[in-house]
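The listed protein sequences derive, respectively, from chains A and B.
242 is the number that my numbering gives to position 242 of the first sequence; each next residue is one higher, with no gaps.
168 is the number that my numbering gives to position 168 of the second sequence; each next residue is one higher, with no gaps.
The set of hints was computed from the structure by calculation and includes no laboratory data.
Do not rely on the hints blindly, as some may be mistaken.
Pair by pair, the computed Cβ-Cβ distance ranges are [as the list claims (entries may be wrong)]: (1) A:G84 <-> B:Q8: 18 to 26 Å; (2) B:T51 <-> A:N95: 38 to 46 Å; (3) B:G189 <-> A:A143: 53 to 61 Å.
Just so you have them, the derived chain B footprint on chain A, three or more residues with Cβ under 8 Å [stated by the list, open to error]: (4) 5-15; (5) 20-34; (6) 87-100; (7) 107-114; (8) 224-236; (9) 269-275.
Glycine is no exception: its CB is placed at the ideal position from the N, C-alpha and C atoms.
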Amino acid sequence: MTAYLKRNGAALLYTLPAALLITAFFITSIVYTIYLSFTEYSGLAAPKWVGLANYVAIFQDATYITSVNNTLIWVIATLVLPVGLGLMFSVLLQNLKGQRLFKNIFYLPYAMSLTVVGVIWVFLFSQTGINFVLQLFGLGSFARDWLTSTPDNTFAMIVASVWQGTGTNMLLFLIGLSALPKEPFEAAAIDGANRIRTFWSITLPLLSPITIVVMGMSLVNSFKIFDIIWVMTMGGPYRSSETLAVTMYRESFVLFHFGQGAAISIVLTVASIAVSWFYLRKTIVKEG
Amino acid sequence: MKRIRIGQWVTYIIISVLAVFWVTPVILVVMNASKSLADFSSGNIWVFPKTFQLGLNMMDALRMGNLGHGLLSSLCYGVLGSGIAIFLAAMAAFGIVILRLKGGFYWFLLIYSGTIFPFQMYLVPLFKGYQKLGLYDTFGGMLLFYIAIAIPFCVFLLRNYMTTLPYEIVEAAQLDGSHSFGIFTRIIGPLLLPPISVLFLFQFTWIWNDLVFGMTLSRSETVRPVMAGLATMQGIYFRSGITTLLAGIVLTSMPTILLFFALQRNFIKGMLLTVKS
Chain A
1 MTAYLKRNGA
11 ALLYTLPAAL
21 LITAFFITSI
31 VYTIYLSFTE
41 YSGLAAPKWV
51 GLANYVAIFQ
61 DATYITSVNN
71 TLIWVIATLV
81 LPVGLGLMFS
91 VLLQNLKGQR
101 LFKNIFYLPY
111 AMSLTVVGVI
121 WVFLFSQTGI
131 NFVLQLFGLG
141 SFARDWLTST
151 PDNTFAMIVA
161 SVWQGTGTNM
171 LLFLIGLSAL
181 PKEPFEAAAI
191 DGANRIRTFW
201 SITLPLLSPI
211 TIVVMGMSLV
221 NSFKIFDIIW
231 VMTMGGPYRS
241 SETLAVTMYR
251 ESFVLFHFGQ
261 GAAISIVLTV
271 ASIAVSWFYL
281 RKTIVKEG
Chain B
1 MKRIRIGQWV
11 TYIIISVLAV
21 FWVTPVILVV
31 MNASKSLADF
41 SSGNIWVFPK
51 TFQLGLNMMD
61 ALRMGNLGHG
71 LLSSLCYGVL
81 GSGIAIFLAA
91 MAAFGIVILR
101 LKGGFYWFLL
111 IYSGTIFPFQ
121 MYLVPLFKGY
131 QKLGLYDTFG
141 GMLLFYIAIA
151 IPFCVFLLRN
161 YMTTLPYEIV
171 EAAQLDGSHS
181 FGIFTRIIGP
191 LLLPPISVLF
201 LFQFTWIWND
211 LVFGMTLSRS
221 ETVRPVMAGL
231 ATMQGIYFRS
241 GITTLLAGIV
251 LTSMPTILLF
261 FALQRNFIKG
271 MLLTVKS
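One chain only, chain B, in its complex shape (with noise of 0.2 Å):
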């Protein structure tokens, strides 16, 4: 029974000293993006901030830095952009599974292809096609691109999802006289909001913290998703106005932490959803 407690105090110790590794950096972060400049050029990164400022800092990030720009459209094409990529796999899973498109699985895995690549595959046909039919650095482009690299994975799950749904249903409703499209808005549709709420987690954060795809395929400050921003602002500001750049990461990150904590439940599941696949 001693050796047993001994243990897990020698547990607590050990993971206390591990958890403090990695919350420090975070740590570190916040105080120094409260700090006035010249409060963060008179110290070392360590050191308590004298001042607070973080939402001074913020609004800086969000002016001088032009994130506001960024979040802006990101937050679009991360709504909107996941929306239509789930109504469209919705949709492609419907026509597979319940309507039995003959072939059903060769269509699946065409759409399924997508994930399998590396993206270094598509960056350059995708660039020069942009540029060619004039998506290039517009937001109708970068929406349309960010639908349709969410569109293979939410196709995976939600045809997963759809083979375990009873056949009776659609049954029932076929013999009520019911055309396609009301069983798939009326009767498929709302069955499918768990993992929809999964899927549109996943793909906000995906779209969200898209840093390549928003390099290469738009270059103004109107357009440009927020991490693309971000980088571009970190080679500026990083040695001139270093607190500035740090609230703005502070900023940029906030979406994503408060969807992860406040879904976690959702998340873990969407996990083993994928795992278990």
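Next up, chain A with everything else stripped away, as it sits in the complex (with noise of 0.2 Å):
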């Protein structure tokens, strides 16, 4: 220990202080929610240890059983849709004119904070919004109060942070359809394949490495999703569009649950490790 300490005093001192405040603000509060999450805690009395009584509410209670519902359908749509439609986007863009222009316009939302885009949607969502444009085109039966019946809701949050979202995976895929080599596409050419041809069977294999590595921050930020939900509807009516994120904060800072917040962090905390544990597994792993 001294040894240690002799050796590399100038080096710790450098390092020290990042590293304290870390050990100080962050594993000490995971030590504290794991240890959290087998009390009963409201903040008042000492916690009350109750074993896995918390652990075991989140699959029984039918509040949470919807949170955890509405967590897998917004993982998925995230999975699916801003991925999806980035590619799309680049691929239309690759070699367009214009492309900054429109590159510009999808990427605006990116731009602005979960937020301010759920106060957007709600705006949109109001009565003389999209419901108005509906009408006009003489869709009146598919209007409805958007942010207030389900499961319609949780679809109508999805569509803002689609919007949201988008523009930064379409960034990147950008960034990946430039780097590919250009022999392969030469070939397909005089080979006479068409557009969509190319697409499936050169395009997407080669950009596969960049999608995997999209498709994974999509995965850890969706199982985070907050704000919106916290703007858009606060996860009602009836806490019928909470996710587990919103769950944990209601249930803690509305309640004062404190164990129960706890156990629904630790969830997610598994859930969302254990799911992007082959995007972490490239970032660490390999230099250790």
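Could you use the hints to bring the two separately framed chains together as a complex?
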């Protein structure tokens, strides 16, 4: 120990401030949250040990089951829509004149915060917004109170999130596309393959490293979706559009069920780490 | 040849339709943020404004919606928070990479672990801890949190970047008798400018856009960051002052939109760095 300090004293001096801050803020928090998840704690009396009760509740209580289901809907939707659309936009825009203008338009929502995006879409889903256009086109039967009927509210919020998140995926795919080798495409052109055929059998396979990264990033983010929902519905009505992150917040800071909130955070953590393992493995383990 | 032309036209048509869909919400926000409340209530959101008072509505949002405080606080959090975080992270990376801290990889993992867990893990402990230590709802407490949350990613990027620097520069400086802090500030520091500009953009935007920690760790209008303020304002203003609310949206989005488009190149470079690693 002292030998280590003697040889590394100077280096340690540089590294410690950051390491100490991280330990104080986050490592300690993780330990405390794990402990809380096994307790019942309202913030007033001392935490009371309840074993696995909070975890069992997540899979039995109807409110939490709805929340788990909504989270899964969000995960699947964000995995398919912003990634798929981002890929489509990038392929359409590749080698197109005026690419810059279109790129900026699709990218613009990403330069706004999720809070702002949420407010914008509450405004668009209000009575004189999207419903008005539906009625204009004779589709009045589709008009509804988008944010107060289930499950439409979840789909409406997914639309908002797709609007915000597609641009950045498009940008990543465009970078990936511009780095692809030219030869396979020339060969395909000589063979007379059309654009759709070329896309499926050449572009897509060559692009798969980028696709994996983009999907991984979307996946990690989709588990934690909070801001848009909090702004647009607050998880309501009657907690019908909550995801795990929103349920966690409500349990902890509205209902003061800190133990239950902690257990939900742990489930969220385990799920997101398990599913994104392949992504993390790419970023960390190869350096070990 | 003709087929390719038709294909191009089809592409243009598809992409233009999509672009119209994408840009319409933004246009509608700006249009309605410019209306007077009477003008807004008399029509629907698709009608072109008869009045033009975007500036006036913005002033309303600043004063009555109290967004002014939030904007100022978030500007401080964003600039100071990312600045200090980058400095501390550069120091940590310097210790690990240049001074070759033994077991440096494990120190790195310790710091980097801060990015792996969902933020929900930190909310309650930080809230409780902040209350106990008197940091809850204080400027210093908010700033300290933003510094801490920004550090892991900065260390990650700067550590990667430093490993690509030629080590001979450091050896030469050591032969000249430079002290480690001199090497850090005068030799390594200037070389770090490219990744630092990227990091600053990333972290400033993150802090500016943060909602959940602002909501959790602060309450008063003087401390609360801008997005938490906007979320509160939404609850109050959606029915009674929607044009003010929309002007508030334009106002709070301006800084990040300007940053993104002014520094777009850096941003793409930054995304490349993250994706490659």
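For the segment 269-275 of chain A, do three or more residues have a beta carbon lying closer than 8 Å to a beta carbon of chain B?
It holds: at least three residues are needed, and the segment 269-275 of chain A offers 3 whose Cβ sits within less than 8 Å of chain B.
Is the listed coverage of the segment 20-34 of chain A by chain B valid when you require three or more residues with a beta carbon under 8 Å from a beta carbon of that chain?
Coverage by chain B holds for the segment 20-34 of chain A (12 residues, Cβ < 8 Å).
Proximity test - 8 Å, beta-carbon atoms, the segment 224-236 of chain A to chain B, at least three hits:
holds (count 5)
CB of G189 of chain B to CB of A143 of chain A, is that within 53 to 61 Å?
holds, 60 Å
How does the segment 107-114 of chain A fare against chain B when you require at least three residues with a CB closer than 8 Å, holds or violated?
holds (count 8)
Given a hint of 38 to 46 Å, does the C-beta separation of T51 of chain B and N95 of chain A actually sit inside it?
holds, 44 Å
Can the segment 5-15 of chain A be counted as covered by chain B under the rule of three residues or more with Cβ-Cβ separation shorter than 8 Å?
Since three or more residues must qualify, the claim that chain B covers the segment 5-15 of chain A holds, with 8 doing so at under 8 Å.
Within 8 Å of chain B (C-beta), three or more residues of the segment 87-100 of chain A
holds (count 4)
Has the hinted range 18 to 26 Å been met by the Cβ atoms of G84 of chain A and Q8 of chain B?
holds, 23 Å
Comparing the model with each earlier hint shows no violations; every hint is respected.
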